[in-house]
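These protein sequence lines map, in sequence, to chains A and B.
Numbering-wise, UniProt numbering puts 144 at position 144 of the first sequence, and it's gapless, one number per residue.
Numbering-wise, UniProt numbering puts 34 at position 34 of the second sequence, and it's gapless, one number per residue.
Simulated from the structure, these hints should not be mistaken for lab results.
Where hints are given, some of them may not hold.
Short, incomplete list of chain B residues facing chain A, as computed with Cβ under 7 Å [what the hints assert, rightly or not]: (1) 53; (2) 242; (3) 263.
Where a beta carbon is used, it is the ideal one built from N, C-alpha and C, also for glycine.
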Amino acid sequence: MSAGAAQGRAGFGRAIAWVLLLAGGLAMVLPLAFMFSTSLKDASEVYDLRLLPAHPTLDNYVTVLSDGRFLRWFGNSMGVATVVTLSNVFFDSLVGYTLAKFEFRGRYFVFLAILSTLMVPTEMLVIPWYVMARNFGWLDSYWGIMFPGMMTAFGTFLMKQFFETVPNDFLEAARVDGLNEFTIFWRIAMPLVTPALSALAIFTFLSNWTAFIWPLIVTTSKELYTLPVGLSSFAVEQQIQWELIMTGAALATLPTLLVFLALQRYIVRGVVMAGLKG
Amino acid sequence: MTDQTASTGLWRGLGLRQKQVVWAWAFLALPILFYALIRFYPTGEAFYLSTTNWNLLSKPAFIGLANFRRLLADPVFWQVFRNTVLYLVIGTPVSLLLSFTVAYHLDRVRLLHGFIRALYFLPFLTTAAAMAWVWRWFYQPVPIGLINDALAALGFPQQPFLRSTTQSLPSVLAPAIWAGLGFQVVIFLAGLRAIPTTYYEAARIDGVSNWTILTRITLPLLRPTIVFLVVFSSIGFLRIFDQVYNMTTNDPGGPLNSTKPLVLMIYQTAFSSFDMGYAAAQTVVLFLALLCVSLVQLRLLRDR
Chain A
1 MSAGAAQGRA
11 GFGRAIAWVL
21 LLAGGLAMVL
31 PLAFMFSTSL
41 KDASEVYDLR
51 LLPAHPTLDN
61 YVTVLSDGRF
71 LRWFGNSMGV
81 ATVVTLSNVF
91 FDSLVGYTLA
101 KFEFRGRYFV
111 FLAILSTLMV
121 PTEMLVIPWY
131 VMARNFGWLD
141 SYWGIMFPGM
151 MTAFGTFLMK
161 QFFETVPNDF
171 LEAARVDGLN
181 EFTIFWRIAM
191 PLVTPALSAL
201 AIFTFLSNWT
211 AFIWPLIVTT
221 SKELYTLPVG
231 LSSFAVEQQI
241 QWELIMTGAA
251 LATLPTLLVF
261 LALQRYIVRG
271 VVMAGLKG
Chain B
1 MTDQTASTGL
11 WRGLGLRQKQ
21 VVWAWAFLAL
31 PILFYALIRF
41 YPTGEAFYLS
51 TTNWNLLSKP
61 AFIGLANFRR
71 LLADPVFWQV
81 FRNTVLYLVI
91 GTPVSLLLSF
101 TVAYHLDRVR
111 LLHGFIRALY
121 FLPFLTTAAA
131 MAWVWRWFYQ
141 PVPIGLINDA
151 LAALGFPQQP
161 FLRSTTQSLP
171 SVLAPAIWAG
181 LGFQVVIFLA
191 GLRAIPTTYY
201 EAARIDGVSN
211 WTILTRITLP
221 LLRPTIVFLV
231 VFSSIGFLRI
241 FDQVYNMTTN
251 DPGGPLNSTK
261 PLVLMIYQTA
271 FSSFDMGYAA
281 AQTVVLFLAL
291 LCVSLVQLRL
301 LRDR
């Protein structure tokens, strides 16, 4: 067998692998493609399972969005996820920074204590949280949805790792200039870890946007549902109209998809960073 | 006024190190309060409640280990236990095998690399509650169900999927694997990228086959990534809830408990039956299961 033939065979094998990879990738997005396609079909066309709608229409979107509940759920999810993300970016960084850059007795103990909370799954805490929310009157409120996630050990650990890479000289120089410690943290240290901050923000937002079990438990009135809880409530209350359901599902998926298409590189890097360091 | 001057005087009297200590605890004050109140206290309470009988209305009554004895005698618990184990032992190997195969080949591809990676990654960004609807639609009988339509066109018999006690669990598991695959692919790609190319070059000069390179170089060097993903996805499958609840909303965990995982049992015991003590005992079981996975992880990482 000549070297050329072997190379040719290897090249052929690679071409096959490439085609299979692409086919697999297209199969992965097929559910999304059908979801969007059905959301553009009118009711009479839903049973025609072709991927491309014959008469694309935005009527379903008008129907779903003009029913005020859906927009409300969308807004609830957006608001809750945004506030929780901002809180995590601030507090996880502050704690991570303090544990990485200050020397004081008890530092290691505080670090271990926070880290140890990772051992306890949130599903174990939902019952005590529910009892707590009931006692404090937080049931069925935005604060009730948000309070368990305002800080996370995962984010703290991630930020601590990154602040450890910030050279102490920078901070000492600022100290000599007479800046107070909070200003040093906020103005000097934070800008040096922006990639980590964006990773944390993306991860926190995504997990709160898709969060399900706790909002399901803590909310009872429809006005306070987050989007996932609202979507799952469709089942009970109406005859299934697939084109409208698919429109709702599409609207719930669009924001993350659009953000992803805009920031693809950062998001993949951020998820890898958060996954591996955290 | 005098208080203020006194305290600024006190502050000035502190050395740089002492000031730092004050700053540190000031920064940590609110977070420590948060973790104590929202994490540590509830953890203790969950263990305490697991030893009580409580319906939220009266006071919790201490009953020792009775909840756990009840659990061991509860046939639904054993069904749920079996389901949860099935999610884990099917879900983890299947998803890892698929994602590694994709990542291994995608790593060598230059043409449209970013695009193909994006295709695999997109499902990771979706919401289980939304995607469950798409998958439920796929699983419908003809004429609306896509999969049954395809089976009919190819001359195969119709399948009941979510309506059957034997097919429902794999039918629920498939979207869960689908949604998590992209994350694993991306992590595997990062792991593969971190292997120095000099290893491969040396192997190629020695004329080693691709299979040998894979089993003797790539997989051993990828061990930390593999351990991380095995643990991460095992924990995910042990805690599975969103997909199952949303795929079976009319009868969560059904038909006949055939898809019900532990977290769904906890949810129903606590928030449908308001049997809080019994539900807390179930969360303790979940805690112990996750603890075992973590211990196995520590063991695997130490053996390196």
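Hints, verified against the model:
Annotation: interface hint on residue 53 of chain B violated; nearest CB of chain A at approximately 14 Å, more than 7 Å. For residue 242 of chain B, the suggested interface contact is upheld, since its CB lies about 4 Å from the closest CB of chain A, less than 7 Å. With its C-beta approaching chain A no nearer than about 5 Å, residue 263 of chain B sits inside the 7 Å limit, and its interface hint holds.
The structure shown violates just one earlier hint, number 1.
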